[in-house]
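Visitor: Okay, here's what each chain looks like letter by letter:
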Amino acid sequence: MAVTADSIKTLHPLEIRVLRTYKPGDHLTASLLCSDLGFVEGQANQVYAWLTAKQLARDIERKVYNVYELTDLGKSWLEKGTPEQRMITYLENHGPEFIPAICTALGLEQKDIGSAFGRLSKDGAVGMTEEKRVKLIDKQKDTLSLAIQAVLTRVQKAGGSIKEFELSKEEQATAGSIAKKRGAGDSPLKLVERETITWTLSDAVLAIQEELKSMPEQEEIGALTQDILTNGTWKNARFRPYTITNRTSRVIPGRHNSYVQFLESVKDKLVSLGFEEFDGSLVETEFWNGDALFMPQFHSARDIHDVYYVAEPTHADTIEEPYFSRVAQTHENGGSTGSRGWGYTFDRAFSRRLILRSQGTVLSAHQLPHAKVPGKYFGIVRCFRYDKVDATHLSDFYQTEGIVLGEHVSLRTLLGFLEMFAVEIAGAKDVKYVPGYFPFTEPSIEVHIKHPVLGWFELGGAGIFRPEVTESLGVRVPVLAWGIGIDRMALMALGLNDLRELFSYDIENVRLRRTVMRGNHA
Amino acid sequence: MPKIDVQEQLFFELLGKSMSLEELEALLPVAKAELDEKPDMSIPAQERTLKIELNDTNRPDLWSTAGLARQLRTYLSGTTHMYPFFSAEGNLQKAKYTINVDASVQEVRPYISAFVVSGKPISDAMLRDAIQTQEKLCWNFGRKRKSVSMGLYRINLISWPVTYHAVDPLKASFAPLGFESVMNLETILNEHPKGKEYGHILKGNKRYPLLSDSKGHILSFPPIINSNDIGAVKVGDTDLLVEFTGTDMVSVALSASIVACDFADVGYTVEPVAVNYSFDTPFGKMQVYPYYFQLPTTVDVAKASALLGKSISTDKAREALARMGVESEIHGQFVKAWPPFYRNDFLHQVDLIEDIMIGIGMDQFESEKPQDFTIGRLTPIEQFSRLAKNIMVGLGFQEMIYNYLGSRRDFIEKMCLSDEGVIRIANPMTENYEYVRPSILPSLLQSESVSAKAVYPHKIFEIGKVAFIDHSTNTHTNTRQRLGFLSAHGTADFNEAANIVSVLTYYLGIPYEVIPAEDSRFIPGRQAQLMLNGKSVGVFGEVHPAVLENWDITMPCVAGEFDLECILQERK
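Chains A and B, in that order, are what the protein sequence lines are.
Sequence positions in the first sequence follow this note's numbering and run 1 to 522.
Sequence positions in the second sequence follow this note's numbering and run 1001 to 1572.
Check each hint, because a few of them may be wrong.
Said to hold, decoys possible - Which chain B residues face chain A? A few, computed with CB under 8 angstroms, are given here:
id, residue
1, Gly1396
2, Leu1405
3, Ala1426
To be verified - Okay, the calculated bits of chain B under chain A, using three or more residues with CB under 8 angstroms as the criterion:
id, region
4, 1027–1040
5, 1046–1060
6, 1303–1317
7, 1349–1355
8, 1379–1386
9, 1437–1448
Keep in mind that the hints were calculated from the coordinates and are not lab data.
Glycine included, each C-beta is placed from N, C-alpha and C at the ideal position.
Pulled out of the complex, with its shape left as it was, chain B reads as follows (with noise of 0.2 angstroms):
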């Protein structure tokens, strides 16, 4: 969830009025926004920042100062804003630039969206807020610049048209943003800060995209870099070109789209791109950014009112859409509703459902009981669990609760066990959290090896899961819920561990019936199975003191493990 910085001064001028910090916390939740932290008062109006948590990862719009301000207006104007210099299909407007797109970005990154602000030479305020928009809308939503990613460009040194084309990494260079010397594609990746960072997107294939004017200037190395010259865009520069490229049409579309409103809100003039491609694409071969592509959606406002538990008419529908801006109008009980120039996330009318729900207001939703009447209750391993959990504390023993993911180390390595069976994770964060348990008994005496001041006799146990693999299954692992046991103190000798088996078995009403077990964790000659129906259901005996050792214990320790869910089956 991306957080923002927004100017606040510029933020509330868009707002159209200002408003106290409290009266704001009331009103950003209307974007699913949040005030992360508090402004730093003593820092002069102009350059204060409001840092926002943005919570829907499908409305990039909202992830700059402008969208924010724009999506807090329209709800407390209930006017919807239109923005004149969209495109439309079969309503293109006239552009006095052109990109022209070459087969050979096809295999690569095919798509480029583009538009001209000018009017005004940018501020300091709004060349950040545009840097901050290019890394949350390339990261966030461009997933890390691979479907989608952005670039400036100082229009006065730019020879039209622009080409986007595939080129050998070798044979084209020019100096990259923050650099002097000229590189190659291919250096600039191993070398430049950038092309190490996003290096990874472009590798594998033969051409790289490259971004040239027609007198061969290089504006751009997407998604990669920028030129030192026609991409270093700087405070009091006017005349931008705003472009995208990416994978995926529609967000490289709707990147340009947000992008615009954005400059327009604060008074720049936005002038379309024309861009031609030699190869067919899904809004054809040729367009003109920015570009509204955005399909209606129809609400059933029965459905809705159904869904919300609250009569809802159509023109409430509708003025509600309004203070989301959306624009719509009336079927009957349908609302036929048109997505902003700057939104695309009406995948069903659900979406819509809840902008309706927000343009009411959350407020006006009273809760109301449930009426449907169900009986609950607890899994049978949970009651069967709670059973064995109770014996366990008659005999005197410690429940305790602990972390499933280990290291190696205690669940492998100083069990005397191999690693067959375990289930590791491939992508750990560290090699402490590197496997899923497998037994509860590394966890008993990890917690016996960091005890040894606490007063003996120590008698503790868990009732949990552990998994592990097991090829009879559709996912080849077992989860399966286990009862663990530990006693350490001086004089700690099977016979106490046969005692509490006896007991545990006695009221889970399954017979004592154990032979002889060969466990690498206990003493030969002094470990038993627990046998259930002729199954192995357990293990019990004295601990080995090459583990004990293992674990930097000293003191004689029995322990034993069941499988509950296995006893609980076999004992119906």
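Only chain A is shown next, with the shape it has when bound in the complex (with noise of 0.2 angstroms):
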């Protein structure tokens, strides 16, 4: 490994202690750093983990050995004595008695008092009266508990755990005939096997000493605080660089909603091409919904499987006269308009029914009445359907829709508007034109774009209001009117390809989801 500046820099201060003490050959071990060094075993092993990976250590050894740790029993033989001390007390006491009652009285299982027996009376410390009752003999022959009492308490002075190798051979002994290496819950102390590494500086650190002589022994930052700040020894201590390559942890952060953000990308491009927005209420009327649309009252698209109805109340008050004459008339026999009508009788209760807005031209027929000539006026509006919800139908999404009115306005007009829509909200370049069908434009037209990633498709719909709608709402210019569907576009731009991931409920989900950049395709 070279030795350069940064090296040293990237060494931890714990690294660089041990480097400025040991030299090349030093045999070193975790115990011996924690009493030169004052580290912590963890400590420790992390110096000798970082250096080795570094290659600025190698091993020496690795010697395996014995640790005796103390166990719950363990603790508890020390507090109450081991249970041939509680027998014999018990005895001192009670004098003779049968094993079950002394088991009962002490609180020991027969097992237990039955092994204390068998040594005790191996050793002639108890024997057995000729009605089975044991009785105490010499309470001195039980030798071997004060051995082991004095076991488990240099063990407890150790600090819970010993070396083996640490105790003599006797208590070696001792300790050996009361631990187990597993299941150790019912013997006093458990043997566990522990290694030590012993370890040195290679070679490779002779010229970072170098380095680090010629260093004073700043004091090293971590964390910078206020403190340091205040009382300035950041000017004689240097920053400890930090591995800036880690993975933060998880930020949350407040978020714009990306579906949102496209559309409300569209309207600011609407408005930027001079469209006023419109909005409206999300119940609406027949009269509204398709009667002011010239949509006659037995047209298809108003049955009972294409709108949904308020279930109570069931009818608005009324309707804005003179619009409602005015259009009840157009349907019949044409009125004003120089229109044939549609030749029925007009049903104007059904005119009042309430229902869920279907189409977002209800509110371009809306503004109609009040809408300024010249005047543009677009709106982005929730519309219901009587669809079954899948992944290309909603029971509830948007319409992009709008009118243009003008004295000179015409087919060229709108395709004029059409074009920029195009290349201003799609980023098309290409657009086609062909005859189209709605029932309140005449003309109509449908605009087809080549989309840079979707291809050719169908942006939209659009034509010219026919008189019947805009005469009868008191308009006498002509009306340009489109709609657009930028659903799709949507889902492209989020990534999506169904459609009720647009409404997603998943939090995660959403917050995941990348913000969308349009930029201005012109």
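Take each chain as given, in its own frame, and dock them per the hints.
Guide: Take a look at the structure:
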């Protein structure tokens, strides 16, 4: 490893202390570092691992040794005595007794008392009366219990664990007799295998140590604190560099919804093209939703399977005059619009029926009586359809619609607007038009665009409002009407392929969605 | 919008030339048609069909192989086709066949039109097309047989004249198509599949329509079902009677015209049928079908030029109309146009102007940059909502957007509310989309309930619409723009909600003024109403554990909802 200023910079202060203290060849262990440098065992192990990883240290020897750890049972023996000692104390106080009674009195299991009796009787400390009661013979014969107590006390004083080689031969024998490796819950000591690594610095550190000699033993700053800034100690310290490639923990920011942002960007674009936004009520009347758009009351799109009806209340109080009467007459015989009308009897009660808005064009109709000439209006509004909800149909969704009023607007002006939308909103270069059909416009056209990603598709429908629509609502100039479908572009921009995802309830899903940057494609 | 199967071989025969699918696709827009599905080329040409979608609901003449071919052929040649078998006012054809209409049908289904086709046996392709015409015409144009239905009959079994009358349902019986057994009309309505499907059209009438011949043999029970003998037409039959009954005389007459032209185009002879009414009708008592009833419409070519944005001469207009099948004559700047025999869709001169546009060709119209200057702007509430939204985002909240329809369970029951004031849909498709949301809170809680696995905290909000019943308005309902927020995490409490409201009110420029609230969705004593000029403009607090439990939420939540329109109005 080449020594550079950088390699020193990346050394942790703990590593530097080791490098400043020892030289290659010194036998180092965790316990040595703890006693020499005041490290805790964890720090000593960490430094060993870091230096080894950088190939600045190597192992000399790995030695396995045993450690005895005091168990809960061991602690209880220290406190209350071994089962043998407790049996002797009981017999001293109560005289000879049957084994089960001793068990009950001492709260010990029969097998423990049984083995305690076995050992004590072998050592000659207790015996059995003729009626099979246990009797005390000589309590001095129980020397083993004293030895056990002595070992347990040593372990406890060493902090709950002790290395085997620190015990005497006799102590090792005693400890071995009461220790288990596994299932140590019913023995007073647990036997654990440990490893001592003896390691040393490699020759590679010599250069670093040389470098370190020339460097003053500066204080190194980890976290920059208010104190450090106040007392200025940072001026004589160096900043420990951090591992900048580490991934930080999760930050959850406040964010705009990417679909809403998409809709807003379209609104902003339309505003920049001179359109004024309109909006309206979710609940509409059949009058505005259909009649005012010259859709006959028997039109298939006004069927119970296409429009949602409000259950209660069912009807609006009134429909604004003179529009109501004019529209009714226009349906019946064309009124004064130059049309022959649909030739049926208009149902005024049906007109007041309350429904959920089924098309954005409703708001264009609402706007007409109040519209300025020249005037441009648009809305991106929620509409409701009687549709089975799936990847391409929603029960409520947005429609983007608008109108243009002007003395001299014409089909060719309409094409001009559609071309602007294609370029400005969809980023398309190629546009084509074909004749279309909408109940409220004549002529009607469909606009198809070549989207840079989606290829050719229908961007929307447009036309010039029928005079039956405009004249009944008091407008004498031609009115261009258009609607564009932006959901496919929204899905594409958001990387989705299911309309339901636009209105997702899933918080994680929504907050991980990237924001769409909609540039100006012009 | 109807989709039809077009017999590929017959279609190109009728078109008078064959073309590639690409060429056809380029031509179809003339009929507002588009190729819906490419044909399966593994099938032999004589059996192949093209699936075509027709967009114009006012052009039922296009909904058949012959009709679509006719429009495209006319467009390519620029010449209209004459059908000499039509009668017109004051010029009725001599008819060999007669149908007498009894006054009894006047109340139930008053009108009938008919003609006879002869000259060659019916082919499989033509029979399939006729059945398709019957379906499409009667479903879309005939409003599911309500205003028009159609029947085909084997003429050699009929004894003329035929009578169209209405009878007591229990007193007339015959074997309906597909059945050997004789049933009375009531039984047919209750048991025959077509009776079950269309019976509702006749429900409530004392007498049902019936078509029978002079010997009392029954042809059919319109608009339900044909008889199993006279009405069982099959391939190879010659000389068919085609009839239409319905409630709208114009539609009944037009349907006969359309189908007669279709048969004539494929080489059948169309023979007129006289219809004698015993009551007065818009076309008089005595009629002969097919009948040209349409009236001319005049188009002002100056007006057409203005509307299309292009100077068009009267000659050019006349020529363009001819390509659409419309005969016309020039009178100064006006062109008087007669609808083709099979069309009746000129309500206003703008309908002719569109035909002029199509006749000239869409590619002849260049786009023009708009000239009028207007100032664009967002609605005040949109602007105000964006202001509020930016504050919420600054507070660390994720903006959400939800659907407005939902279930009773989510909007009412889980929220511990009654259904008072909530807008219900009378004809929901499923109970999952039966109510309009009266509040944003259930949407936010639904989000929380499906997001328990997402890293906390959850801070979400939506600015959107709610609607509810409000008898003070003309529509008895009210739509409002609201802001709703929800914060869910281990230590969410009232203080947090109050802090959010305090920040919002400060930056929205209204005072933070609250009074205790009593809303069952929040914990009593830990909820407040935000007041503005003495009006409550919203509520916030700790969401009640009963509500959380209903949503299976086990994380404390605070939430609030404010009426932005009300705040915008009051702060002015």
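Visitor: Each hint: holds or not?
Guide: Here is how each hint holds up against the structure:
1. Look at Gly1396 of chain B: its Cβ gets to within about 4 angstroms of chain A, closer than 8 angstroms, so that hint holds up.
2. Hint status for Leu1405 of chain B: holds, given a least beta-carbon distance of 5 angstroms to chain A, under 8 angstroms.
3. A cut of 8 angstroms between beta carbons decides the hint on Ala1426 of chain B: the least distance to chain A is about 4 angstroms, and the hint holds.
4. Residues of the region 1027–1040 of chain B lying with their CB closer than 8 angstroms to a CB of chain A number 3, which satisfies the three-residue condition for coverage.
5. Counting residues of the region 1046–1060 of chain B whose CB lies closer than 8 angstroms to any CB of chain A gives 4, so the stated coverage by that chain holds, three being the minimum.
6. Against chain A, the region 1303–1317 of chain B contributes 5 residues with a C-beta closer than 8 angstroms to a partner C-beta. That satisfies the three-residue criterion, and the hint holds.
7. Here's how the region 1349–1355 of chain B fares: 5 of its residues keep a CB closer than 8 angstroms to some CB of chain A, so the rule of at least three is met and the hint holds.
8. Only residues whose beta carbon comes within less than 8 angstroms of a beta carbon in chain A count, and the region 1379–1386 of chain B has 4; three or more means the coverage holds.
9. With a cut-off of 8 angstroms between beta carbons, the region 1437–1448 of chain B has 4 residues touching chain A; three or more are needed, and the interface restraint holds.
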